[in-house]
Amino acid sequence: MNLLFLALILGGCNKDKNGQKKNRTNDTGTEAQSIIEVTTWSVTTPDDSAMDVEIEIGPDVTSFMLTGESRKEVGMEGVVDPDGKVLLYWDDWWDSDESLTDAIFGYETTTALNWPIRDVEDPLREGTYVVQVAALGGGGNYTSGKVDLTLHTKKDPSMSEGKVHARIVYTGDVDSDPDIVAATEDSVERWREIWAIHGVELVETYDSAPTIDAHLGFWRNGDEALLDVADGLEPGSVVLYLGESVDGDFDTYGIAGGIPGTLANSPFTYVVVSWLSHAGFDAQFTKGEKSIMGETMAHEIGHYMGLYHPVEDGFNYWDALQDTPRCERRGACEDELASNLMFPYSVCSYSGDDCVAAGELSVDQQGVVHRYTGTQ
Amino acid sequence: MLTILLAAAAVAAPAEIEITPAQTAMHRALSLRDGSPPCADVEGLSKTPVADLKFLVANATAPPWVGMRAAECLIAGHPTEITAELDTWVTDPELAGLGILTLNRIDALPIEIATHVAALALEKGPERIGARKRLEKAERPEILELVKP
Chain A
0 MNLLFLALIL
10 GGCNKDKNGQ
20 KKNRTNDTGT
30 EAQSIIEVTT
40 WSVTTPDDSA
50 MDVEIEIGPD
60 VTSFMLTGES
70 RKEVGMEGVV
80 DPDGKVLLYW
90 DDWWDSDESL
100 TDAIFGYETT
110 TALNWPIRDV
120 EDPLREGTYV
130 VQVAALGGGG
140 NYTSGKVDLT
150 LHTKKDPSMS
160 EGKVHARIVY
170 TGDVDSDPDI
180 VAATEDSVER
190 WREIWAIHGV
200 ELVETYDSAP
210 TIDAHLGFWR
220 NGDEALLDVA
230 DGLEPGSVVL
240 YLGESVDGDF
250 DTYGIAGGIP
260 GTLANSPFTY
270 VVVSWLSHAG
280 FDAQFTKGEK
290 SIMGETMAHE
300 IGHYMGLYHP
310 VEDGFNYWDA
320 LQDTPRCERR
330 GACEDELASN
340 LMFPYSVCSY
350 SGDDCVAAGE
360 LSVDQQGVVH
370 RYTGTQ
Chain B
0 MLTILLAAAA
10 VAAPAEIEIT
20 PAQTAMHRAL
30 SLRDGSPPCA
40 DVEGLSKTPV
50 ADLKFLVANA
60 TAPPWVGMRA
70 AECLIAGHPT
80 EITAELDTWV
90 TDPELAGLGI
100 LTLNRIDALP
110 IEIATHVAAL
120 ALEKGPERIG
130 ARKRLEKAER
140 PEILELVKP
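Which chain is which? The protein sequence lines are A and B, in order. Quick note: the first sequence, position 273, residue 272 per numbering that gives the first Met the number 0, numbers continuous. Quick note: the second sequence, position 1, residue 0 per numbering that gives the first Met the number 0, numbers continuous.
So here's chain A without its partners, still in its complex pose:
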């Protein structure tokens, strides 16, 4: 199967069809020290296959993120290095009990692929990479579609230090309550503390979006209204929306717009968190509840930066990292992973603030975060 894919890639590598590589615009960060470059262009995919999109990687580039936006659902089916070596092939992961990236699935109209993801992937080198981009119609079938592409690249060899710019956005009239604002700021300090342990400096700014409903109903389908909020942000920024609930319900407490989430300004550029779910029955934050909300913020942004739960709640699906245990029972998983930031649930007694602090990341998990193109 891989050979077939390789043959398809090689056959299409040199084609410059459907506008690929034409009319590309290039932008760089506004700050002098920015190490992220941004390029945008559009392609039209064929109706019977994915399209080979060529990515020129310059010297010293360490990570790239390719984002595809379309009226169709967008999948990123493979990555091939300059020698024609297949680095990622969708079918290797489609039915796997391990998760590497959501980019292969093509569930959304905005899809992002960050590469490389893990330590076991070869570092980038100068040359032409190919990413297979597909527009998908009903039933996941190929369809022809215009796909707007955004390429972010970064030059950042450090796997131990970096910073992430985050914009925290109060929706509706959430920021009219000083108690919620104070609790949010305290929660952000917990988030900062967690990330600092893993070599990531949080650089946050705050904003208000009173016209965005505080029930955050956009999380399933995205929202064009988010474009204005993220407009003009430092390249590489992530955006966290704080609302009262997620989609008006209390079955979702926080969610990321993708694994990984895009760095492009899109309707899916978001992480959402519900303040009320974290304040609980009395709508007042205890010290422990603020700490848990900070962990949720770091957890959801962790998803956005490409991290999966090390084990899912059914204990039969795992992340694709080598140093997170492949535990298979609740007790064993809690013993080994309850303090991991990405563990899927909070391990608490019933009472008060008595929850296991969840801020740890394994070395491989830290590597995913530092390879995320937004981590500078």
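Treat each hint with caution, since some may be false.
To be verified - Derived DSS-like pairs: lysine-lysine, alpha-carbon spacing no greater than 30 Å straight-line:
no., chain 1, residue 1, chain 2, residue 2
1, A, 84, A, 154
2, B, 53, B, 136
3, B, 136, B, 123
4, B, 123, B, 53
5, A, 286, B, 53
6, B, 132, A, 286
Stated by the list, open to error - Reference listing, derived: stretches of chain B covered by chain A, where coverage requires no fewer than 3 residues with Cβ under 8 Å from a Cβ of chain A:
no., stretch
7, 25-32
8, 46-60
Derived from the structure by calculation, the hints contain no laboratory data. The beta carbon of each residue, even a glycine, is placed where N, CA and C say it ideally should be.
Chain A is already provided as a structure; the job is to place chain B on it using the hints.
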């Protein structure tokens, strides 16, 4: 059974209580960080789901969303069995989170219960729950009638 220390959510004094395996299972299911399973799945963990959900609302304080989600399951699936609780949730300042949740879900309640709860919240609800502004977002005319200027 597991013995735990209760730091009261809806009751005042800490006390030692015993929780059942079903309550433990429901608590775990509702502890997921990103989001919880559907109410039907959670209730399927217990032979007495209403009583156990009520227990979680009253007693489970950590993680903070467990009681809120349990309350939402009660509102969505068992509103006629929690009329007394609804009255308390929208009037007790110590339960403002549950009051906000109830008002946000007012359209999910049977209309007789919804109008009663809405009127009670407008009359006796604590300022914190913002009854008027939340009820103005209701869809049903019977509720909107209550908040007419």
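Results for each hint:
Distance restraint check for residue 84 of chain A and residue 154 of chain A: the Cα-Cα separation of roughly 23 Å lies within the 30 Å cut-off, and the hinted pair is therefore satisfied. Distance restraint check for residue 53 of chain B and residue 136 of chain B: the Cα-Cα separation of roughly 27 Å lies within the 30 Å cut-off, and the hinted pair is therefore satisfied. For a cut-off of 30 Å, the pair hint linking residue 136 of chain B to residue 123 of chain B stands: about 19 Å separates their Cα positions. For the hint linking residue 123 of chain B to residue 53 of chain B, the alpha-carbon distance of about 23 Å falls within 30 Å, and the restraint holds.
For the hint pairing residue 286 of chain A with residue 53 of chain B, the CA-to-CA distance comes to about 25 Å; that is within 30 Å, so the pair holds. Our distance criterion of 30 Å between C-alpha atoms is met by residue 132 of chain B and residue 286 of chain A, whose separation comes to about 29 Å. Coverage of a stretch by a chain is defined here by at least three residues with a beta carbon nearer than 8 Å to that chain's beta carbons; for the stretch 25-32 of chain B and chain A the count is 5, and the condition holds. With 4 residues bearing a CB less than 8 Å from a CB of chain A, the stretch 46-60 of chain B meets the requirement of three and the coverage assertion stands.
Every hint, counting from the list given before, is met by this structure.
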